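J.: Sequence:
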Amino acid sequence: MVHWGVRPDSKAINQVMACCEKKGRGEEAMRLFLFMRDHGVEVPPLTYWALASLLSCGGRWEDFKIVEEDLRKRDFPESIKERFYSTAVVARSGARDWKGSLDMLRRMRECGAVPSIRGFTTALSTCMAAGAYQAVRDFVEEVQGWAIFDLDVATYNVVINSYASERDLEGALAWFEKIYEAGLRPSLISYSTIFKVCASTKRGDLALTFLDRLVREEDLQPSLVTLNHALQALTASQEHFDDARRLLETMEARFGVAPNASTYTSLLRAASEKGDARLALELYHRMKDVAVLAPEPRSIWEVTVACTKSRFFEPLEELVDDLMALSEKVLAGDRQDHVGPAGGAVASVPALPGTSEGGGSGEGALGGGVPPPNSSRKYDPTRSLLYAYSALMSGLEKAG
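If you use the UniProt record's numbering, the sequence shown corresponds to residues 1 to 400, in order.
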């Protein structure tokens, strides 16, 4: 069009750029941008946004800087510049480049645009996914110094989670209290994260304290997820097992929340660690017969471990039948309560006695080095079924 003396309008340019963006053709998009710039064709804002996405996703950072420099020369409103950088933040986050995400926010600030809270939290989430917990805390403090917006509860929750992920109870508690200092109120996620670090540090006493605080919160109604996290914290050490059981028994009456299979699995894990097969069976039957819940593979795993530790082999036949029925559902794609946290936290499953965490090759209660399900991974019901079958096979072998 330019060669023929016709100046393309913004609609035509945007259509071509949209096509390049859809096809991931960063090189062609950049060539078109340079052609327009060199021939005095005004580049519309949408083109800058498309280029920000294309060049960031493609890792073409030298080209990105050329476009960025041209953008800064234009007398665009702040909102257009903010979207340009926010697009780059999202692109770098999608590439799991947490350093690049933070860099984009800093460059946005340098050009006079105000980062949005959405772009800010996106960058923080990328840091968390990469395990860059200290970077989360450092950047939050840096942004507080910018004084461009007040932190929201979601940001405080991310910082609390960064401490919880490192089992830093003191740091998590300090930032929880900062929520109140900022004139805000904690959310259920705030409490769930505190329960998470209480579980990892085996501070059931503190979990009870925060459960009482949660009850007193006027605008918060405890959810199944939050209560399951609290229960995991209580079952992390044997001394609070009775407290955990009381929570299970009073959940529905006290909070209006019915327990799910994951709730019972947390208690089954604690009973398994005690080696109390009869207690494990009592809880297991209550889950099946009273609560009418389909057991999880983890539930069957835990009862099997408890029975094998106690050399109480009679229930294994029932567990085999239950596992076979559950297998048919899982393999048929029927993922309901047995797949874990549809409404609750998945209970972690410990390594077998005598083995390293996550399995290993040592001899354990089941005779063998069979690794338990690992709650830090994305939940896979098929893998959990295999673990449960391995546990039952070892138990049956011991039973003779």
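The set of hints was computed from the structure by calculation and includes no laboratory data. None of the values given here were measured: they were computed from a predicted structure. Wrong hints could be hidden among the right ones.
[Unchecked claim] Derived lysine-lysine pairs resembling PhoX-like cross-links, with alpha carbons at most 25 Å apart: (1) Lys329 / Lys274; (2) Lys398 / Lys274; (3) Lys288 / Lys274; (4) Lys65 / Lys99; (5) Lys178 / Lys202; (6) Lys288 / Lys202.
J.: Decide, hint by hint, whether the structure agrees.
T.: Evaluation of the provided hints:
1. Pair hint Lys329 plus Lys274 does not hold up; C-alpha atoms about 31 Å apart against a cutoff of 25 Å.
2. Proposed proximity of Lys398 and Lys274 is supported: the alpha carbons are some 20 Å apart, at most 25 Å.
3. For the proposed pair Lys288 and Lys274, the alpha carbon gap of about 21 Å is at most 25 Å, so the pair holds.
4. Between Lys65 and Lys99, the direct Cα distance comes to roughly 16 Å. Compliance with the 25 Å bound is thereby established for this hinted pair.
5. A hinted pair counts as satisfied when its Cα atoms are at most 25 Å apart, and Lys178 with Lys202 qualifies at roughly 23 Å.
6. Straight-line distance between C-alpha atoms of Lys288 and Lys202 comes to about 29 Å, which puts the hinted pair past the 25 Å bound.
The structure is inconsistent with the numbered hints 1, 6, although it conforms to all the rest.
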